[in-house]
Amino acid sequence: MFGLLTAATAAGFPGSLPATLVFSVAPLARLGTLDLVVIALYFVMVLWIGFYLKGRSNTSEEFFMAGREMTAWIAGLSFVSANLGSLELMGWAGSAYQYGILATHWYWIGAIPAMLFLGMVMMPFYYVCKTHSVPGYLKLRYGEGARIVSAVSFAFMTVLMSGVNMFAMAEVMRVVLGWDLNFSIIVSSLAVAAYVALGGLRSAIFNEVLQFILIWGGALLVPILGLVETHGWTGFKARLAANIASGATPAGDYTHLWRSMGHFADNPMGIHWTGIVFGLGFAISCGYWTTDFLVVQRVLAANSLRSARLAPVIGSFFKMAVPFIVILPGLLGLVVLQNSDGSLMHLVGQNLATPGSGLHSYNEVLPLMMVRYLAPGLLGLGITALIAGFMSGMAGNVSAFSAVWTYDIYQPLIVKKARDEHYVSVGRWATIIGVIISIGTAYLVMNAQGIMDYVQALFSFFISPLLGVVLMGMFWKRATKAGGFWGLLIGTLTSIGLWAWVYINPAALRYVALSPDAKAMAENMYRALWSVIVSILVTFVVSLFGKARPLAELNGLVYGATVLPVEEPVPFYKNEWFWTVIAIVIFLALNIYFW
Amino acid sequence: MHSSSISIWFFIGVLLVVYGALITGYGVFELAAGLPAHHVVLANLHAPLWWGGLLETLGLFYAVRFRPGRARK
Chain L
4 MFGLLTAATA AGFPGSLPAT LVFSVAPLAR LGTLDLVVIA LYFVMVLWIG FYLKGRSNTS
64 EEFFMAGREM TAWIAGLSFV SANLGSLELM GWAGSAYQYG ILATHWYWIG AIPAMLFLGM
124 VMMPFYYVCK THSVPGYLKL RYGEGARIVS AVSFAFMTVL MSGVNMFAMA EVMRVVLGWD
184 LNFSIIVSSL AVAAYVALGG LRSAIFNEVL QFILIWGGAL LVPILGLVET HGWTGFKARL
244 AANIASGATP AGDYTHLWRS MGHFADNPMG IHWTGIVFGL GFAISCGYWT TDFLVVQRVL
304 AANSLRSARL APVIGSFFKM AVPFIVILPG LLGLVVLQNS DGSLMHLVGQ NLATPGSGLH
364 SYNEVLPLMM VRYLAPGLLG LGITALIAGF MSGMAGNVSA FSAVWTYDIY QPLIVKKARD
424 EHYVSVGRWA TIIGVIISIG TAYLVMNAQG IMDYVQALFS FFISPLLGVV LMGMFWKRAT
484 KAGGFWGLLI GTLTSIGLWA WVYINPAALR YVALSPDAKA MAENMYRALW SVIVSILVTF
544 VVSLFGKARP LAELNGLVYG ATVLPVEEPV PFYKNEWFWT VIAIVIFLAL NIYFW
Chain D
29 MHSSSISIWF FIGVLLVVYG ALITGYGVFE LAAGLPAHHV VLANLHAPLW WGGLLETLGL
89 FYAVRFRPGR ARK
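These protein sequences, in sequence, are chains L and D.
First residue of the first sequence: 4, per this note's numbering; consecutive thereafter.
First residue of the second sequence: 29, per this note's numbering; consecutive thereafter.
Since the hints were made in silico from the structure, they are not lab data.
Reference excerpt, derived from the structure (chain L facing chain D, CB under 8 Å, subset only):
#1 ARG375
#2 TYR376
#3 ALA378
#4 GLY380
Glycine included, C-beta positions come from ideal geometry on N, C-alpha and C.
Construct the entire structure; sequences and hints are all you get.
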């Protein structure tokens, strides 16, 4: 969803790798008529859904919250799909080729605990207080100031990220298929604008579920055929070991998650396990999955509290499975990709894959694997999967932007009291204008690609401090309005300050990430961790000097002051706690198996 | 989410049915015509045939199971 083409953004997290995608110049794939028909049918379907749902988005509750009628399955799949952008798929596949299975951390520890925490612990408060957005929760808990700061920064960054996504996807289509940049930008953005403006969040969610199915249908065949070619996981490891022994593949531990995490210098990412567990697994992951409205909005649309809690749990199972279609193809590429003369293909860094070099970059591994295995029709389906991933991410951005703009900026600041139809109309126009701004951003980035690095960093400034403030507000009755405001502000300034410090003086990385051997990705994690800690501490200290709100005002907002509705008993297999335990067991088993 | 409306699963089913038919059809054509392997690896496994068939089966299941007008609890 964030959509930068770098590995570090893949799970939706701001990253720190070079953000500009550079591919080799000749198109990787040539589509036949059947492939084009498959792609065209996809566009027909998403527009059909948008037009069909137009009649069911007449009230603001219907347009912005999908009528709060989504089942746990629909909300859960949409929750994951909004995050599963195609650029992330390609970026992480490239990272898997480069760094091995370490990239899986962004899908497992960098997502699963946070998703389960959202469902089991935080969702009741979001859902019971009936907020329309995360900034809306801040307003209820901390007052208008925190809401406006959060809403404005979110709205601004959302359309900016949407534009960056759009440009990056157009660049991918140009390189993979030879399509014109303008064509890709205009066609995809028009389709997204049409179906979101027509059907609102319901249309975005429906299409995200469709896109999720297509992503799996289009991409799953690649690792299956790859494993057939390598004679399974064991055969893959044997071939990889042989390649490493012969020097054909750089030495390294490509198949274990934790063994090389003992020291920053022991792994190619330059990360220590504390950074992965506390920085990625807590500060970044929880910041994104529990406070970024783009994903939380999908769960808020659930038809009951139980569905809202179950949705992230359902999503967590699919999130755990995503490495099968992303990481595994990248790993398999290490041993199966060949040049035309039969020699092992070596993908290179983006700076080396220059036009005329004849080399392919890491980011091209997924399309290269598709071209390797997918026959006509199936290749069209694979490309449709990439397009679907892009559109689901973009639709997520614009639908969240539309809701936050209307509920948290337009309504409190511009037109406070108007008829419901007026706000629906504002939401539709906000969708269209959001897409137009995104297109403008896309062209801006096209002319100055260095902007992508700054946009990426900018987004990271707001996410982690917000987590600290939301957690304090949700779990500490004593937290005050001033505490929340200053916690958010100083936490954000801390993040900006640490980033600027390392930017001006790269040697400062040893202090921020606690080691001279740390690399850029580690900086991201520790910076996020410091900003969460600072925002929590500031909220705590400032609140101690203020007067807490009466307990009665905190009902529905704070743990210990909220009476949760009693839900009807259900069989164990429909109970959210049962599935949470299953998810935890699978999560632990996967980490132990690939330790 | 259901009531009298068309379920998203029906839309998904319809699209998968069409995709399945197109891809399986190509697979059958490729097999019958003995076409060259189109430069893809493991073409001898005839992936379009069975992957298309799988999409078709799933699509039919969802299209029928969630067809408009069918009573659901």
